[in-house]
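Participant: The residues making up each chain are set out below.
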Amino acid sequence: MVETNAKAKSDVLVSIRGLCFARGERMIFDDVDMDILRGKVTTIMGPSGTGKTTLLRLIGGQLQPLSGSVQVDGLEVPRLGRADLYDLRQRMGMLFQSGALLTDLNVFENVAFPLREHTDLPESMIRDLVLMKLQAVGLRGARSLMPSELSGGMARRVALARAIALDPMMIMYDEPFTGQDPISMGALVQLIRLLNDALGLTSVIVSHDVKEAAAISDYVYLISGGKIMGHGTPEQLSGTASEWVKQFMQGLPDGPVPFHYPAPGYVDDLLQLESAAPGETHA
Amino acid sequence: MLEWIRQLGRGGFGFFEKLGRGNLFLLKTLVGMPAVLARPRLLSAQLLSVGVLSFLIIAVSGLFVGMVLALQGYNTLVDFGAEESLGVVVSLSIVRELGPVVTALLFAGRAGSALTAEIGLMKATEQLSGMEMMAVDPIHRVIAPRFLAGFLAMPLLAAIFSAVGIYGGFFVGVGLLGVDDGAFWSQMQDKVDVYEDVLNGVIKSLVFGFVVAWIAVFEGYDATPTSEGVSRATTRTVVHSALAVLGLDFVLTALMFGDT
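Keeping their order, the protein sequence lines are chains A and B.
Counted from 1, the first sequence has number 281 at position 281 by the numbering used here; the numbering is strictly sequential.
Counted from 1, the second sequence has number 70 at position 70 by the numbering used here; the numbering is strictly sequential.
Extracted from the complex, chain A is given alone in its bound form (with noise of 0.2 Å):
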């Protein structure tokens, strides 16, 4: 990553330094370097509770780093005051694995929220954006349903009319392809490149859904264990000599990451000897 900087610096929208962050006792991230490109679909993969949505709210400033830098745009989020944090939030757009859709407000009306906190426009204008924002996900016919009454896909589609309703410079995108069926599935996955080129954007996408990530993604990175196991282009990724990120890539059963939690020999476990399994307690 460090030769993508050096090749292209004024393009990097955002960039993590000796990132350090810890939830308690446990590492969550130790010392990582990472850059996102403008313009580009940038992938974060891992195993689940990597912390990879942690990075998003790192990204963010909704969580705040035990060390090390993250910049937005030249903008050193842990250390924006209030004001500046929510002038940088209105230029970011952020979906949430739920699409934490506002219950007691309509489609419409979701979708409108942003532009009605943080903006003066006349309603007709609104009506306007707010029915192009809809028809750009497809459900311009769904304004007057409620949340509760979308399916997990509508949901998530609605969430991406409202987070690209003030014209977002990027989208960080949890986990989008979690739970859903082949043919939102499908839709999500191109809406998302669409979009991104399209309205000029920069996408972050979290997921641990390898080939619908890598299908529309111009750069991957892998973490695992609080450290960057691997990155590059997923053309670049799937030709890698490391095992770790052939086994990730594949999805192998067994590799690096064993398929078996650490035991003592199976053969001894099953015989019952005294040094087998010293937790158990016998009879």
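None of these hints come from the bench; they were simulated from the model.
Computed from a prediction, not measured in an experiment: that's the story for all the values here.
We put the CB at the ideal spot given by N, CA and C, even for glycine.
Some clues are possibly wrong.
What the simulated footprint calls covered on chain B by chain A, stretch by stretch (three residues with Cβ under 8 Å from a Cβ of chain A suffice, anywhere in the stretch; the number is not a length) [stated by the list, open to error]:
id, region
1, 132 to 142
2, 147 to 154
If you want the ones that stay clear, here's a sample from chain A, every Cβ over 10 Å from chain B, calculated [claimed, not checked]:
id, residue
3, 38
4, 60
5, 68
6, 73
7, 92
8, 103
9, 128
10, 129
11, 162
12, 193
13, 194
14, 233
15, 252
Given the structure of chain A, go ahead and fit chain B onto it with the hints provided.
Facilitator: Only chain B this time, still in chain A's reference frame:
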């Protein structure tokens, strides 16, 4: 023994930590007040759900409390031939004590628990987090209007409770038990003081409204974002509000009427 002391210490730290968080939260909420006043529509929506929709339970409770007071008071007063003081007994009990206290307890159960559950669920479904990422401060947008609505609705509901309660006492005392109509009202007018009795009752209801609304919104905002966490927070709202109201009532009563 050592473990017991350790647990006590941990509990003590936990209590003070939560108290500190609650105070910081209150401060942030109060800072958000101008934003609410600039958008009265947010406030009116909450006044409807917290205040107007609590009207029925408050009015019905007030009516029955007044009726029972009149029945009980009459039985005692009639032994001394003082049944014409029934109006004074009913109105003083209600205006000074039962109005603010019973309203606050009912308010905590009806509106406070609903506030906690609503805010807790918004937290559990990432709605508050989502607002933050949309650069909308949930404390200004969600918490402050609910807190202000609770604070404003409580004294109004207590006033309604008192008025309906006194009429309840009137129906039973004058209508059923035959106390003289003129004596009932004129003695009440003579003995109930606007400042000493009515104003002190209003002050109590303002304090209770503040405390109950604060506990309700804080417990919701502080809830563990799971279904169990929200249910626990809702229970805590009702229990803590009730204890706070009864404890504060004693303190306020001692301050207001202790030296007379």
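Participant: Go through the numbered hints given earlier and state which of them the structure violates, listing their numbers in rising order.
Facilitator: Hints 2, 4, 7, 8 and 11 not satisfied by this model.
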